[in-house]
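Trainee: Take a look at the letters that make up each chain.
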Amino acid sequence: MENKKSNIMLLIANLVVGLLIISPILYALSVTFMTTDQIHTMPPKFLPKNFFLGNYKDVIAAVPIFRFIFNSFLVATVVTIGQIITSCLSAYAFAFYEFKGKKILFIIMIATIMVPGEAIIISNYLTISSLNLLDTYTGLILPYLTSAMGIFMMRQYFLTVPIELSEASIIDGCTGLQFLTKILMPISKPIIGSLGIYMFLLTWNQYMWPLLITSKPEMRTVQIGISMLKSAEVQSFGMMLAGIIIIIIPSIFIFIIGQKQLIDGMTSGSVKG
Amino acid sequence: MSEIISAKKEEINLDPKETRISVKRKLEPYAFLLPSLLLFGLFVYYPFFKTLYMSFSLTNAHGEFQEFIGIQNYVEIFTSTDFINSLVVTMQFVVITTIPSVVIGLVLALLANNKIKGIGISKVMFAVPIAVSSASASIIWGIIFHPSIGMLNNILKTSIGWLIDPHWALLSVAFVTIWMNVGVNFIFILAGLKNVPREILESSSIDGARYFRKLFKIIIPMISPTLFFMVFMDIMNAFQSFGQVNILTNGGPGNSTNVLVFSIYREAFFNGRFDTASAQSIILFIIMFVIAIFQFSYEKKGVHYS
Numbered sequence: 001m002e003n004k005k006s007n008i009m010l011l012i013a014n015l016v017v018g019l020l021i022i023s024p025i026l027y028a029l030s031v032t033f034m035t036t037d038q039i040h041t042m043p044p045k046f047l048p049k050n051f052f053l054g055n056y057k058d059v060i061a062a063v064p065i066f067r068f069i070f071n072s073f074l075v076a077t078v079v080t081i082g083q084i085i086t087s088c089l090s091a092y093a094f095a096f097y098e099f100k101g102k103k104i105l106f107i108i109m110i111a112t113i114m115v116p117g118e119a120i121i122i123s124n125y126l127t128i129s130s131l132n133l134l135d136t137y138t139g140l141i142l143p144y145l146t147s148a149m150g151i152f153m154m155r156q157y158f159l160t161v162p163i164e165l166s167e168a169s170i171i172d173g174c175t176g177l178q179f180l181t182k183i184l185m186p187i188s189k190p191i192i193g194s195l196g197i198y199m200f201l202l203t204w205n206q207y208m209w210p211l212l213i214t215s216k217p218e219m220r221t222v223q224i225g226i227s228m229l230k231s232a233e234v235q236s237f238g239m240m241l242a243g244i245i246i247i248i249i250p251s252i253f254i255f256i257i258g259q260k261q262l263i264d265g266m267t268s269g270s271v272k273g
Numbered sequence: 001m002s003e004i005i006s007a008k009k010e011e012i013n014l015d016p017k018e019t020r021i022s023v024k025r026k027l028e029p030y031a032f033l034l035p036s037l038l039l040f041g042l043f044v045y046y047p048f049f050k051t052l053y054m055s056f057s058l059t060n061a062h063g064e065f066q067e068f069i070g071i072q073n074y075v076e077i078f079t080s081t082d083f084i085n086s087l088v089v090t091m092q093f094v095v096i097t098t099i100p101s102v103v104i105g106l107v108l109a110l111l112a113n114n115k116i117k118g119i120g121i122s123k124v125m126f127a128v129p130i131a132v133s134s135a136s137a138s139i140i141w142g143i144i145f146h147p148s149i150g151m152l153n154n155i156l157k158t159s160i161g162w163l164i165d166p167h168w169a170l171l172s173v174a175f176v177t178i179w180m181n182v183g184v185n186f187i188f189i190l191a192g193l194k195n196v197p198r199e200i201l202e203s204s205s206i207d208g209a210r211y212f213r214k215l216f217k218i219i220i221p222m223i224s225p226t227l228f229f230m231v232f233m234d235i236m237n238a239f240q241s242f243g244q245v246n247i248l249t250n251g252g253p254g255n256s257t258n259v260l261v262f263s264i265y266r267e268a269f270f271n272g273r274f275d276t277a278s279a280q281s282i283i284l285f286i287i288m289f290v291i292a293i294f295q296f297s298y299e300k301k302g303v304h305y306s
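Chains as they are written, first to last, in the working numbering: chain A, 1 to 273; chain B, 1 to 306.
Chain A extracted, bound-state conformation (with noise of 0.2 Å):
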């Protein structure tokens, strides 16, 4: 019984400060319903009166959001399914293969995780702009085709797999190729997924490097395109809200979707017991 009563207690604190975290987004939800005047009263009212739907109709009107999604989506998932290629190939190699310069290729790939992007955001600025990629996708992607922390997760999964698999489908007459598209992903698909979202979800709240690399309103991200409102002569905050919720959308519900794998690829390899 009172285990009971204190299990209660506890599930209403953990609600009371689960809504208390969440509080920012919802009251911009709530914001997004209401009028200009409404916004604008004093004392400021949590609750819109009614179902308003003026700021995301403006917001529609005022900016290519659903362009700025699309370019978005697009950068995202081909860095996403560039990474995943990219580090499986190279843990694969790492994980299953023995040959010269195996250790200090290794090392040369990990230590990228030692340089902060945003010491040598300038540097790629000046690459990407003097090869003409400034405003265009692959500039856009290019420099996020690989990543060390990819290699190394999938390296540490590959890991666990026992190397008899990849000796007996050889001599079976599968090539190092065909044995890491075949058999090895297909039975890694967990740890891909983890990668895939985290990399996902990465990419879709980037900002710094499409804020520097593009200008025309039609190669804008997300984040930076509705960042723009804010610059916007006559600020809306309705409006600037209403654009927040429609991105906010793709990123919620990829992370709820995808949570578990999120969590463990988050937590893989750096929490040790």
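Warning: the hint list may mix true and false statements.
What the hints assert, rightly or not - Pulled from the structure, derived: some chain B residues nowhere near chain A, Cβ distances all over 12 Å:
no. : residue
1   : E67
2   : T79
3   : L87
4   : H167
Unchecked claim - Covered stretches of chain A (chain B as the covering partner; in silico rule of three or more C-beta atoms under 8 Å from a C-beta of chain B):
no. : region
5   : 8-14
6   : 39-49
7   : 63-75
8   : 131-138
9   : 181-193
10  : 236-250
Honestly, the hints are just simulated from the structure, not real lab data.
This structure is a prediction, so every number in the text was calculated from the model and none was measured.
A virtual CB, placed ideally from N, CA and C, is assigned to each residue, including glycine.
Start from chain A and add chain B according to the hints.
Mentor: Relative to chain A, chain B alone:
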């Protein structure tokens, strides 16, 4: 594992027809590594050495090399009050974001680490900030911080210019950053708590005083590797913060939120000084490198006191 491979190789080499396969297998791994190596070369190593090189050069407004000037850029940034201020601001920012992020993450993890029915929903709520980008979070909080029609002043019955008052701006940006960090900290610390035996966590949930003794004497020491990992991760994140500053305050008011990455950005893209921006980037790299070395040595020692 390597023994198996070399044994197999010897076996294969006996048959001349199979030798070709083994030669191909020797070259294969290099082919598999090639895409990643090329990308790392072009977008990590080349820009790193280029940044280093530019930091010792004079560049024009397009970032093109003019002449080699030795350590002059470094002398310039370390004698510039703006850059010194930026370092100080960044350090303050790191301290005021890291500690609360880890403490709040720990509290949330302790709250959610039980098997009560319905706890799943609160776990999702605790973790949601992970899915929210710095741009979205900044715009939402920017409106909540608005001095006249913002919710915060209304709730607190104050009239503080959260983002326009130099006393409050850095704290406000830090507050948003903590909110953004909380989800990740929660997830990692919750994963760390999985290693604490359930009896220790459960038997203590009734008596308050006994619980706190247990918390500090047993639970925290047991998950200290995770806590230290999070401290380092939050420190690294804080040093690389940019989006929230760019959107919320633009480095102002009066440089009070001009953190290092924002300073690099402004130096290169607004002042056209790619050379001093490169020198600042190298300083950022060195700071991060030193922190990473600290982390590795801590991990080796193992932060486990029990």
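Trainee: Each of the hints needs a verdict: does it hold here or not?
Mentor: A quick look at each hint next to the structure:
no., hint, in the structure
1, E67, "17 Å, holds"
2, T79, "22 Å, holds"
3, L87, "15 Å, holds"
4, H167, "23 Å, holds"
5, 8-14, "holds (count 4)"
6, 39-49, "holds (count 6)"
7, 63-75, "violated (count 0)"
8, 131-138, "violated (count 0)"
9, 181-193, "violated (count 0)"
10, 236-250, "holds (count 6)"
Hints 7, 8, 9 from the list above are not met by this structure, while the remaining hints are.
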